[in-house]
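Novice: In short: position in the sequence shown from 1, add 3, done, that's the working numbering.
In case anyone wonders, no lab produced these hints; they're calculated from the structure. The reader is advised that the hints may include incorrect statements.
[To be verified] BS3-like mimics (lysine-lysine), calculated; alpha carbons at most 25 Å apart, straight line: (1) Lys107 / Lys174; (2) Lys107 / Lys120; (3) Lys120 / Lys174.
[What the hints assert, rightly or not] Derived DEER-like restraints, expressed as beta-carbon distance ranges: (4) Gly53 / Ala128: 18 to 26 Å; (5) Phe99 / Phe76: 18 to 26 Å; (6) Asn78 / Leu117: 37 to 45 Å.
Glycine included, every Cβ here is placed at the ideal spot set by N, Cα and C.
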Amino acid sequence: MSVNEDTQTRPVAAPVSGIADPAPLGLAAFALTTFLLSAFNAGWMTHSSGLAWVGYAFAYGGLCQLLAGMWEFRNRNVFGATAFASYGGFWIGLFFYFQLYGAKLATHPLTAGLFAKDVGWILLAFAIFNTYMLLWSTQVNMAVFAVFLTLELTEIILFIGNFAGSSGTVKFGGYVGVVTALCAWYTSAAGVTNGMGGRISLPVGKPFLAPRV
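Work the whole structure out from these sequences, hints included.
Specialist: This is the structure:
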């Protein structure tokens with residue numbers, strides 16, 4: 004048998020990604036930053052400045068999620084890449100908006116309403132984006148679907164509360180946001196332990212709609 008014939012008949016190994024799954028990192032970054040901001044919205048940070056989320060919006064929720072999104076592109080995971088890169092951009096954008104404009108608007112009685120309206124528009128825009136991501140998450144698994152479902156509710160409640168100037172509605176949105184963070188943390192934890200292949204595993208549920216083979 005010639006070298007060419009041997010090459011043609013030998014089975015070709017499937018390509019293997021050279022990186023670990025970045026999803027648990029992206030989910031953890033999203034969860035922690037969402038928790039900090041939601042705890043503030045829920046009124047839990049009564050003995051603090053309430054601004055603990057700001058730096059982490061850039062460094063963890065923003066930068067780490069953006070990196071996770073780029074690595075998902077490397078893994079050819081279009082859903083994960085779009086989700087993590089978009090919400091990484093969301094947190095980085097929120098950080099710069101708050102630092103450059105929002106903090107000044109929020110602290111002045113005459114412009115506090117403008118700040119709330121700005122935040123409302125940002126959340127409305129991401130609620131629109133999150134709507135189709137929620138639909139496509141039905142093809143991933145139940146845990147990921149739970150993250151996008153609770154996030155959708157959080158964004159809707161918060162943009163309504165900010166547009167209406169209703170502190171009670173924003174506070175309720177903070178509670179739902181904490182639930183969103185817990186769902187994301189659980190999904191991250193499942194991704195870590197299931198990816199390790201050890202004795203401990205966490206269920207994530209089957210997708211509602213099986214992806215095409």
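Novice: Give a verdict on every hint.
Specialist: Against the structure, the hints come out as follows:
Under the criterion of a C-alpha separation no larger than 25 Å, the hint pairing Lys107 with Lys174 is consistent with the structure, at around 22 Å. Restraint check for Lys107 and Lys120: the C-alpha separation of about 14 Å stays at or below 25 Å, so the hint holds. Annotation: proposed proximity of Lys120 to Lys174 holds, straight-line Cα distance about 16 Å (limit 25 Å). Checked against the hint of 18 to 26 Å, the pair Gly53 and Ala128 passes, with Cβ atoms roughly 24 Å apart.
A beta carbon spacing of about 23 Å between Phe99 and Phe76 agrees with the range 18 to 26 Å that was offered as a hint. For Asn78 and Leu117, the hinted distance range of 37 to 45 Å is satisfied, since their beta carbons lie about 41 Å from each other.
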